[in-house]
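> Using the hints, position chain B against chain A.
As you go down the protein sequences, you meet chains A and B in turn. Position 232, counted from 1, in the first sequence is what full-length UniProt numbering calls 232; the numbers after and before it change by one each time, with no gaps. Position 107, counted from 1, in the second sequence is what full-length UniProt numbering calls 107; the numbers after and before it change by one each time, with no gaps.
Check before you lean on any hint, since a few could be wrong.
Said to hold, decoys possible - Simulated coverage check for chain B against chain A, where a stretch passes if three residues somewhere in it have a Cβ under 8 Å from a Cβ of chain A:
hint, segment
1, 42-48
2, 57-71
3, 106-115
4, 137-148
5, 271-279
6, 283-292
What the hints contain is simulated information worked out from the structure, not anything from laboratory work. C-beta atoms are modelled at their ideal positions from N, C-alpha and C, and glycine is treated no differently.
Listed below are the residues making up each chain.
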Amino acid sequence: MTHPALTERPEKRAQPGAGPRPGLPRAADRRRRRLRGLATIALFLLPALVLYGLLVLAPIAIAAYTSLFRWNGLGGRPEDFIGFDNFTRLFASDVFHGDLRNGLIIIVLSLTIQLPLALGLALLLNQRMRGRAVYRLMFFAPYVLSEVITGVLFSLILSPEAGLANQILRAVGLEELERAWLADPSTVLPALFLVMTWKYFGFYMILFLAGRQSIPRELGEAAAIDGATPWKQFRYVTLPLLGPTVRIAAFLSIIGTIQLFDLVWVLTAGGPDHASETMAVTMFQFGFKRTQIGYASAISVVMFVLSMIFALAYLRFVMRRDTRGAVTTMGDHR
Amino acid sequence: MSSPVPSPVAGPAAGRRPDRRRRPAGPSRAKGVSLHLLAATLAVFVLVPLVFALLGGFKDNAQLASNPFGLPAPWHPENYTEVLASGSFWRQIGNSVFIALATTVLVVGLSAMAAFAFARFAFRGREVLFTIFTAGLMFPFAVAILPLFVLMRTFGLLDNPLGVILVQAAFGLPMTIIILRGFFAAIPREVEEAAVIDGCTPFGVFWRVLLPMARPALATVSVLAIVASWNNFFLPLAVFNDPDWWTIPLGVQQFQGQYSSDIARTLAYVVLAMVPALAFYAVAERHLISGLTAGATKG
Chain A
1 MTHPALTERP EKRAQPGAGP RPGLPRAADR RRRRLRGLAT IALFLLPALV
51 LYGLLVLAPI AIAAYTSLFR WNGLGGRPED FIGFDNFTRL FASDVFHGDL
101 RNGLIIIVLS LTIQLPLALG LALLLNQRMR GRAVYRLMFF APYVLSEVIT
151 GVLFSLILSP EAGLANQILR AVGLEELERA WLADPSTVLP ALFLVMTWKY
201 FGFYMILFLA GRQSIPRELG EAAAIDGATP WKQFRYVTLP LLGPTVRIAA
251 FLSIIGTIQL FDLVWVLTAG GPDHASETMA VTMFQFGFKR TQIGYASAIS
301 VVMFVLSMIF ALAYLRFVMR RDTRGAVTTM GDHR
Chain B
1 MSSPVPSPVA GPAAGRRPDR RRRPAGPSRA KGVSLHLLAA TLAVFVLVPL
51 VFALLGGFKD NAQLASNPFG LPAPWHPENY TEVLASGSFW RQIGNSVFIA
101 LATTVLVVGL SAMAAFAFAR FAFRGREVLF TIFTAGLMFP FAVAILPLFV
151 LMRTFGLLDN PLGVILVQAA FGLPMTIIIL RGFFAAIPRE VEEAAVIDGC
201 TPFGVFWRVL LPMARPALAT VSVLAIVASW NNFFLPLAVF NDPDWWTIPL
251 GVQQFQGQYS SDIARTLAYV VLAMVPALAF YAVAERHLIS GLTAGATKG
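Chain A with its partners taken away, still in its complex shape (with noise of 0.2 Å):
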């Protein structure tokens, strides 16, 4: 269809030039009714674009734009043309380099034991069992908390005296165990891991949980009487069809990975000595403490053309297959 499928009603007042003749529209007055078109659709439009374009796109560009100046961010406009060196400072940064080496490991963390504890979960949870719908709700319940709630509190839990961590160890005889677990360098990273898998498990959990429900059961009955055993009905029936799913969870768990801030800010600021910094935290220390806009902007920079790369690398390359529509969901929208 080329037309607006709105606008190809008949006029219902008469056209000063085509009154006489209704039947006969005229070059012209289609030209009309094609603007007139064209109104509507971007009287439908621009709200959002003008908002979206001004808030979303062109502060990326301007960020791109600032990331080549050396530039305090007070007043004016930056001056200080340095062309690359922001980047070239910062791919030989160690603080950058902790960064990506942190994101790696929070990334891999998740990769295999958060999704895969999700998937477990879901499964059980989908099976007919009592309480199963209380389960759900408790398990999804830390998703809705804000990430800087779950982290004031988790702060306090593994604070090193008082904390509820340490107390459990001392109660149980572990007390060799005991530890400043965000103070603590080698412990830091997994202390955070473990705040997230608190928080976002029941969130993939529930992402499976629909995935899972959109796979007749004849499938696995199928099987069953076929004489494939639970794992090998896991193994080859749903686990291929959760595919869509897993694939899914996965990518928003990089994406979410590489922009993670709001948790770490609260739980260490990235501490102790850069052990827990992500790269938005070190962006918003240049950007917002030490006044440095242009290599802060050279961060995001490289945070947007990572996610970039990652994103198109992964909808190219690992879920060509989800066509769309395709991808399984509960989608029960009433």
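Frame of chain A, contents of chain B only:
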């Protein structure tokens, strides 16, 4: 009621499973017990921090050190009552509510209009535009925060709720438009053709026909927008310096800094700050979950 289901794949599959009382034959008892054990372990993992916070708020700091696991003895409701009696807590709640509602109205309104254009009109460049919106799902918000901060300083939007509302709405557009477009596209064209024959303008079709039919989808995206706004921290952190505008996440973080040695009092604050989110979850759970799963799988 004949509200359309956006994903035709899902409808029948969800309805096809008869809820049989009879269990399939198998080693049911032992399996059932171990399943429960596993689920219960995880439930403990989820609940212990929450219960610790709830009870800890009723203790004093000496009790927290000497009696971390037991019930408070004696109970100290002061931590809670003092927070509840403080103006700043309620002010933060009010700010969070106001910003969440304003953001939601804005993002859902604009997205519904755009989604209508995307779903119901054919025009050149439509798919390109739509792809540009979709790409927004992958833009890390952190990338934009510095330029946004500078922009807002230029336009005097720092310490102004508009600075948070407009940006949140802008970043909420992609997901909202994607979900609503799918929903609008699933509404049969005959419905609006009938309205057009009855003399409805495009705006009339949008306002009087499609929006009322899309009410369930609008509820879903509204719930998503409210939760996202309620939990947002990074943006208010950059925009609001003035405590009068702080939202709940800023308040919680600030409170922790201020009373870092008073763990019991901070726990009480954290618990009270959780209540609205958990209450909202209890009410809107279905919308939240259907929105998240639809959003995740359609992005």
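> Closer than 8 Å, Cβ to Cβ, for at least three residues: run that test on the segment 137-148 of chain B against chain A and report holds or violated.
Three-residue rule met by the segment 137-148 of chain B, so holds; n is 11.
> Please verify the coverage claim for the segment 106-115 of chain B: does it have three or more residues whose C-beta sits within 8 Å of some C-beta in chain A?
holds (count 4)
> For the segment 57-71 of chain B, do three or more residues have a beta carbon lying closer than 8 Å to a beta carbon of chain A?
Satisfied; 5 residues make the cut.
> Against chain A, does the segment 42-48 of chain B show at least 3 residues with beta-carbon separation below 8 Å?
holds (count 6)
> With a C-beta cutoff of 8 Å, work out whether three or more residues of the segment 283-292 of chain B approach chain A closely enough for the coverage to hold.
Contact hint for the segment 283-292 of chain B vs chain A: holds, 5 residues under 8 Å.
> Has the segment 271-279 of chain B got at least three residues whose CB is nearer than 8 Å to a CB belonging to chain A?
holds (count 4)
Of the numbered hints given earlier, the model fails none.
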